[in-house]
Amino acid sequence: MTSFYPVKCPHRRQGSVIEWLIPMTAEIKHGDIVLEARGITKRYPGLVANDNIDFEIRAGEIHAILGENGAGKTTLMSILFGLVRADEGEIHVFGKKVNFRSPLDAIDLGIGMVHQSRKLISAHSVLENILLGHPQAGSILNFKKAAEEVGHLCDRYGYKLDLNARVWHLSEGEKQMVEILKALYRGAKILIMDEPTSALAPPETKKLLKTIQIMTRDELAIVPFITHKLPIVLSISQRVTVLRRGKVVARLNTADVTEQRLAVEMVGREVIFELERDVVEKGKPILQVENLSAHDEKGIHSVKDISFSVHEGEIFGIAGVSGNGQQTLAEVLAGLRKAAGGRVLLDGLDVTQTSSLDRWKKGIGYIPSEQRAVGSIGDFSLVENMLMSYYYDDAFSKWGFIDFQKTRRFTEELIAEYGVATPNADVNARNLSGGNLQKLILARVLSRKPRLIIANLPTQGLDVGAMEFVQNKLLEARKSGAGILLISEDLDEVMALSDRVAPMYEGEFMGILPGETADRETVGAWMAGLKQKAVEQ
Amino acid sequence: MWEFWVRSLNASTIFTVAALGEIIGQRAGILNVGVEGVMLFGATISFMVAKTTGSYLLGFLAGIAVGALIGLLHAFFSITLGGDQVVNGMGIWILGFGLTAYIGYPFTGPLGLPRIPTIAGLSPFFIFSVLLAVLMWFFLFKTNMGLKLRSVGENPSVAEVSGINVARTRYLSVIFSGMLMGLAGSIYALDYNPVWNYNFLMGWGFIALALVFFAMWNPLILLGGSILFGVLWQVSLNPEALLPNVFSRYIWRTFPFVITIAVLVMMSTRWFSSRWGAAKPEALGLPYEKD
Numbered sequence: 007m008t009s010f011y012p013v014k015c016p017h018r019r020q021g022s023v024i025e026w027l028i029p030m031t032a033e034i035k036h037g038d039i040v041l042e043a044r045g046i047t048k049r050y051p052g053l054v055a056n057d058n059i060d061f062e063i064r065a066g067e068i069h070a071i072l073g074e075n076g077a078g079k080t081t082l083m084s085i086l087f088g089l090v091r092a093d094e095g096e097i098h099v100f101g102k103k104v105n106f107r108s109p110l111d112a113i114d115l116g117i118g119m120v121h122q123s124r125k126l127i128s129a130h131s132v133l134e135n136i137l138l139g140h141p142q143a144g145s146i147l148n149f150k151k152a153a154e155e156v157g158h159l160c161d162r163y164g165y166k167l168d169l170n171a172r173v174w175h176l177s178e179g180e181k182q183m184v185e186i187l188k189a190l191y192r193g194a195k196i197l198i199m200d201e202p203t204s205a206l207a208p209p210e211t212k213k214l215l216k217t218i219q220i221m222t223r224d225e226l227a228i229v230p231f232i233t234h235k236l237p238i239v240l241s242i243s244q245r246v247t248v249l250r251r252g253k254v255v256a257r258l259n260t261a262d263v264t265e266q267r268l269a270v271e272m273v274g275r276e277v278i279f280e281l282e283r284d285v286v287e288k289g290k291p292i293l294q295v296e297n298l299s300a301h302d303e304k305g306i307h308s309v310k311d312i313s314f315s316v317h318e319g320e321i322f323g324i325a326g327v328s329g330n331g332q333q334t335l336a337e338v339l340a341g342l343r344k345a346a347g348g349r350v351l352l353d354g355l356d357v358t359q360t361s362s363l364d365r366w367k368k369g370i371g372y373i374p375s376e377q378r379a380v381g382s383i384g385d386f387s388l389v390e391n392m393l394m395s396y397y398y399d400d401a402f403s404k405w406g407f408i409d410f411q412k413t414r415r416f417t418e419e420l421i422a423e424y425g426v427a428t429p430n431a432d433v434n435a436r437n438l439s440g441g442n443l444q445k446l447i448l449a450r451v452l453s454r455k456p457r458l459i460i461a462n463l464p465t466q467g468l469d470v471g472a473m474e475f476v477q478n479k480l481l482e483a484r485k486s487g488a489g490i491l492l493i494s495e496d497l498d499e500v501m502a503l504s505d506r507v508a509p510m511y512e513g514e515f516m517g518i519l520p521g522e523t524a525d526r527e528t529v530g531a532w533m534a535g536l537k538q539k540a541v542e543q
Numbered sequence: 360m361w362e363f364w365v366r367s368l369n370a371s372t373i374f375t376v377a378a379l380g381e382i383i384g385q386r387a388g389i390l391n392v393g394v395e396g397v398m399l400f401g402a403t404i405s406f407m408v409a410k411t412t413g414s415y416l417l418g419f420l421a422g423i424a425v426g427a428l429i430g431l432l433h434a435f436f437s438i439t440l441g442g443d444q445v446v447n448g449m450g451i452w453i454l455g456f457g458l459t460a461y462i463g464y465p466f467t468g469p470l471g472l473p474r475i476p477t478i479a480g481l482s483p484f485f486i487f488s489v490l491l492a493v494l495m496w497f498f499l500f501k502t503n504m505g506l507k508l509r510s511v512g513e514n515p516s517v518a519e520v521s522g523i524n525v526a527r528t529r530y531l532s533v534i535f536s537g538m539l540m541g542l543a544g545s546i547y548a549l550d551y552n553p554v555w556n557y558n559f560l561m562g563w564g565f566i567a568l569a570l571v572f573f574a575m576w577n578p579l580i581l582l583g584g585s586i587l588f589g590v591l592w593q594v595s596l597n598p599e600a601l602l603p604n605v606f607s608r609y610i611w612r613t614f615p616f617v618i619t620i621a622v623l624v625m626m627s628t629r630w631f632s633s634r635w636g637a638a639k640p641e642a643l644g645l646p647y648e649k650d
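Each protein sequence line maps, in turn, to chains A and B. Just so you know, we're using our numbering here: the first sequence kicks off at 7 and counts up by one. Just so you know, we're using our numbering here: the second sequence kicks off at 360 and counts up by one.
In short, the hints are calculated from the structure, not lab data. Note that the coordinates shown come from a computational prediction; the quantities given were computed from them, not determined experimentally. Take every hint as true, because none was put in to throw you off.
Quick look at which bits of chain A chain B covers, simulated, 3 or more residues with Cβ under 8 Å: (1) 118-127; (2) 132-139; (3) 144-154.
Glycine residues also receive a C-beta, built at the ideal position from the N, C-alpha and C atoms.
Work out the full structure: start from the sequences and follow the hints.
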C-alpha cells in the first residue's frame, strides 16, 4: 500500500491523536481534490453494477451520490471503502493512486464510513466503541486521555454526548454521531455516509445537518449516499452525482436544480409525487382499540394506554421513528404478542385474547415489517409461501391433504396479477428481490380480501417502482372498503396516504390529526416527542 | 473447623481456574460445554506424566498442553468449520470421559509423590487463582486486547470492520481457555486429590460451566461464586462439620448440583434475560461467517 504523509500516523502510541489531527487540516486547502474515481467498473454475472464511473470529491464540500436501489450505489460505496475490488478503474486519494485490499487500508488513508446499519457494539460504552481497533490505543487503554480528546472533538462540532453511556441507551442520532466520532478520531478526512438521515427523526436530521456543515469548515469532505430523500440532498449538498443503472447520468450543482429535476435524472422519467387518492366514504369502525398496553420482548413497557379506531375505507397512519412501540403495537393487534391491558375489538367483537389464526379468519390481514424473517420462509417455494395464508382454508386442503395443483394454479395467477418477476412458482422465496418478495406477500394477504389490513413498514427498502405499486395497492384496498392501519417511518408516505395520522413517540400517540390538514412540521416534531401529549383527538 | 474452610477454599481454586478459562472463551463468543472433558484430560495426563517422571512441573505443563490441544480442536471445529459448539462440547466431554478412563486405568491409585507444600493447609494455587481472576478482570476491561476480545464475542461483524481479525482473536482465546481448563484439571489431580480413579472429577467441570453464567461473565463475581460452591461442596461431603443432623448426607450430596440446575434454569428465564441479559456476550455460540 502506498503510504501518504498527511494521514499516516507519525508513530504508534506516541503523542495525542488530536495533536496530529488538527495540524493535518492545515495541509489540505479548501477545494483540493481529496478523492478521485476514474473509470470505476464492476461487473457481476449478468449485471454491470458500476459502468465507467468518474467523479471527484473536494475538501470542504458535501457531495451527495444519488441513485435508486439497484443503481450501483452500494457497489460504489463498497469499492471506495475497500470492501469490494473494482474490475477496472483507479481511485486516487490525496492525489496518489491507491489499491485497497481491505477497509483497513481505506481507514488508514483517511476514509471513514458511517454505515446505515450501525456498526457499533451495543453492550459497550461509547468510548469503548470509539477506541475499538484504534491503531494508537496502546495495550492498556487510557480512557481518561481518550475521553478528553473525544470531548474536544464533540465541542468542536457542537455535539453533546455522554461518553460513558452504553450504546444501547442512545438514540439513533447519537449512535450515528458515535460512528462519525469514531471515524474522525481515527483521522478520517473523507466521510462516506450511507443514507445518513434514514433512521432519524426530523429534529435529529436538522442537528446532523448542522454538525456536518461545521465539519466542512475543517475541510472535511462529506459524501452522503442517498436514495429517496431529495429535499435532504438539496438542503445540504453543494454538488450531486446522480447514478442510474450503474452509470453517472448527471453531475449537478445543487444550487441550480429542483427536486423534480433530480427525480427525473434519478428515475429516468417523470415521477408523480402526488398519489391519486379517491374520495372514499368513511364507513363504520372495523377496529377499535381501547386503552391498550403491552410489553416488548425485552420486557419494556412499549405500548402505553393507546386508544383509536380504524374505519371502513380509511387509512390510519402511524408515523414514528423505529423503536417507539409501533412494532409491539402491530404484533399485539396481529395476535402475535399478548396485551398487558386494554381491549381490541374487531367489528365490535372482543378479540383481545384470541389467536392469530382466529384473527386471520375474522378478516385481519398482516403485512409484517420483516419480509424475510417473518413475512416469508426463504427455503420454501413461492407456492408453499402462498399456502401460509391458505393452509387452513377448506378450498385448498381436504382431510389434512393439501391440493398442491390448485395452490400452484392460484399462486401463478397471483404472480401474474401482481407482476412478481420470477421464472416460475417453484423457486425459493429467498431468491426473490425485496420488491418482488413484498409483492408476493401483498398478493397473499390482499387476495384474502381482509377487512382490516395491518401494514407494518410496507415499503421499507423498496425501490421507487415497487414502492408506488405497494402504495397503490393499499389505496385500492381502501377504495374497496377495507380499513388499513399503516405503520411507517417515512413521513412523506404517511402524509400522502393517510386519512388520519397519529405520530407515535415512546409508546404513546402524541395526538391524532386529520390527514388533509396536518402539516409536515407538526407531525415531524410530534414524532420526535417535541410536544406534551395532545388533548384533541 | 479451620480445615473445613481450607478444604473449601482449595476446592474453590479448581472452580475458579476452570471457569476463568470458560469465561475467556465465552467472552470471545465460543461456548465450550465440554469443560468437564478438558479437565478430565488435563487431570489424567498430568497425573500420568507426574507419576512417571516424578516431576510436578512436567505434570502441570503436560496438563496445560493437552488443554491447549483440545482448545485448538474446539476452535478449529467451531471457528473454521462453523460447527455447532454445543454438540462439539458434548463430544469433548464424552471423549474425555471415555478416553481418560481407558488410558488412566493402569495408573489407578495414589500419586506417590510428596505433597505440594501448603500455607497452613491452604494451597498456594488458591492465591494464584485469586490473582488470576483479578488479572483477568483487568485484561478484559482495561486493555486493548481485552476490548477486542469482548467485541469479537459481542458482535464479530462490527469488530471486523474496526479492523480486528475475528478468527485469530477467537482462536487465541479458545486455546488459552483450554489451557486454563487443563490447568484446573491438573491442580485437581496433583494437588487437591492426588489419587487417580475412574471419573474422579465427579462433575466439577459442569459446576464450573454453570458458575460462568452465575458470575455473569465477570471474573470478580466468579471469585465469590467459586468460594460459595467450594463451601457447598465441603458441606455436601461432610455436613456434620457445619450443620449437624439437618438432612441426610445423601440429600446434602445433591446440593451443589441442584443449585447448579436451579441457577441455569433461572438464567434461561425471560425475567432474567430482560434484566441481566445485557451481560451475556451477544454472539455467544454463534459461528461467524464473513459476508
